[in-house]
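Participant: Chains as they are written, first to last, in this note's numbering: chain Z, 24 to 170; chain B, 127 to 275.
If you are wondering where the hints come from, they were derived from the structure by calculation, not from laboratory data.
The beta carbon of each residue, even a glycine, is placed where N, CA and C say it ideally should be.
Treat the hints with care, since some could be wrong.
Pair ranges (Cβ atoms, derived) [to be verified]:
#1 B/A180 x Z/A155: 16 to 26 Å
#2 Z/R92 x B/L226: 22 to 32 Å
#3 Z/S43 x B/P209: 21 to 31 Å
#4 Z/V41 x B/F198: 27 to 37 Å
#5 B/T203 x Z/A168: 12 to 22 Å
From the derived model, a few chain Z residues whose C-beta atoms are all more than 12 Å from chain B [stated by the list, open to error]:
#6 M24
#7 D31
#8 D35
#9 W37
#10 M60
#11 L94
#12 A97
#13 G104
#14 I152
Covered stretches of chain B (chain Z as the covering partner; in silico rule of three or more C-beta atoms under 8 Å from a C-beta of chain Z) [claimed, not checked]:
#15 140-153
#16 158-168
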Amino acid sequence: MSIPELCDRIQDAWISQVISTTTWGYPIVGALHVLAMAVCGGTVLYTDLSALGIVFRGPDAGAAARDVRGLKAAGLVMVLGTGALLFASGAVYYYGSVGFRVKMALLALILLNAIADSRSRYARLHAGISLALWAGVVFASRAIAFF
Amino acid sequence: MADFIRQSLWFPVIQSVHMIGLTLLVGTVSLVDFRLLGIGMRRHTAAEVASALAAWTWAGLLTVAVTGPLMFWSDLTRYPHNPAFLAKMVLLAMALAGHLTLHRRVVAESSRKDGPAGGRLAAALSLVLWSSVVVAARLIADFDVIRPD
């Protein structure tokens with residue numbers, strides 16, 4: 024099965040149809056997605072600004088990351104879960120969207136940056152890259168509606 | 127200028143900046159609320175978390191306060207007829223009023239060891255109000271009575 028065919032099948036699945044064809048399906052999942060993004064963004068800001076020494080200056084910047092680990096994980100699960108549902112509801116469109124592809128590429132870079140960060144001495148550099156990439160994700164998300 | 131913003135790619139760019147401002151504002155306020163609820167950031171008091179993030183909370187508020195009216199002004203016929211927008215404005219007024227009064231007092235008192243008795247309640251109220259603002263904001267796109275061309 025090719026990827027476009029797979030997207031077709033995903034889009035026809037029961038759960039996708041519930042989101043795309045009911046009055047409240049898409050608005051509810053979309054609203055939860057944005058809400059999760061705000062919470063997630065807060066924890067990203069907290070950890071990255073701490074690593075950059077901008078908030079909570081101290082010897083143990085890594086402690087800040089541990090401080091919000093649970094919240095960040097919860098936010099990520101919610102944002103990825105609702106995101107996957109939104110994708111499923113219009114898989115064919117999203118697959119073909121330049122904005123969506125750019126967004127996925129940025130998310131992949133965020134993952135790579137986080138992996139590199141855990142093995143690197145340059146915590147500040149990785150924190151700066153992380154903030155820039157997340158801001159890019161927001162722009163790319165909005166662009167999906169246009170491209 | 128209003129037509130220019132509405133019809134060009136400036137509109138989604140302003141929307142994106144608005145989203146980032148919203149994330150700064152609601153993201154940082156919700157962290158303080160989670161701390162008041164005893165979720166995460168245990169090494170610091172809620173007052174310490176709030177003061178460390180205060181500049182970012184205000185930067186977020188300033189960002190949405192500039193980009194919001196810019197979008198409103200770019201399409202004056204759209205928003206006053208949109209029920210989600212009207213709900214958002216009411217909720218925003220409530221969230222801001224609560225933030226500057228009850229929330230501020232509760233956070234200031236949290237520097238004491240056990241924190242105020244009403245702290246959790248105030249935090250829960252703040253989370254509900256700000257979440258409602260975000261949800262209403264997202265719903266504006268779904269409740270256009272007059273669709274912009």
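Participant: Hints first: check each against the structure and report whether it holds.
Facilitator: Tested hints:
1. B/A180 x Z/A155: 16 to 26 Å: holds, 23 Å
2. Z/R92 x B/L226: 22 to 32 Å: Cβ of Z/R92 to Cβ of B/L226: about 31 Å, so the range 22 to 32 Å holds.
3. Z/S43 x B/P209: 21 to 31 Å: holds, 22 Å
4. Z/V41 x B/F198: 27 to 37 Å: holds, 33 Å
5. B/T203 x Z/A168: 12 to 22 Å: With a Cβ separation near 20 Å, B/T203 and Z/A168 satisfy 12 to 22 Å, so the hint holds.
6. M24: At about 33 Å from chain B, Z/M24 clears the 12 Å cut-off, so the statement holds.
7. D31: It holds; Z/D31 is separated from chain B by about 25 Å at its closest Cβ, greater than 12 Å.
8. D35: holds, 23 Å
9. W37: holds, 22 Å
10. M60: violated, 7 Å
11. L94: violated, 5 Å
12. A97: violated, 9 Å
13. G104: holds, 16 Å
14. I152: holds, 17 Å
15. 140-153: It holds, with 9 qualifying residues against the three required.
16. 158-168: holds (count 5)
Going down the numbered hints, you'll see the structure goes against 10, 11 and 12, while the others check out.
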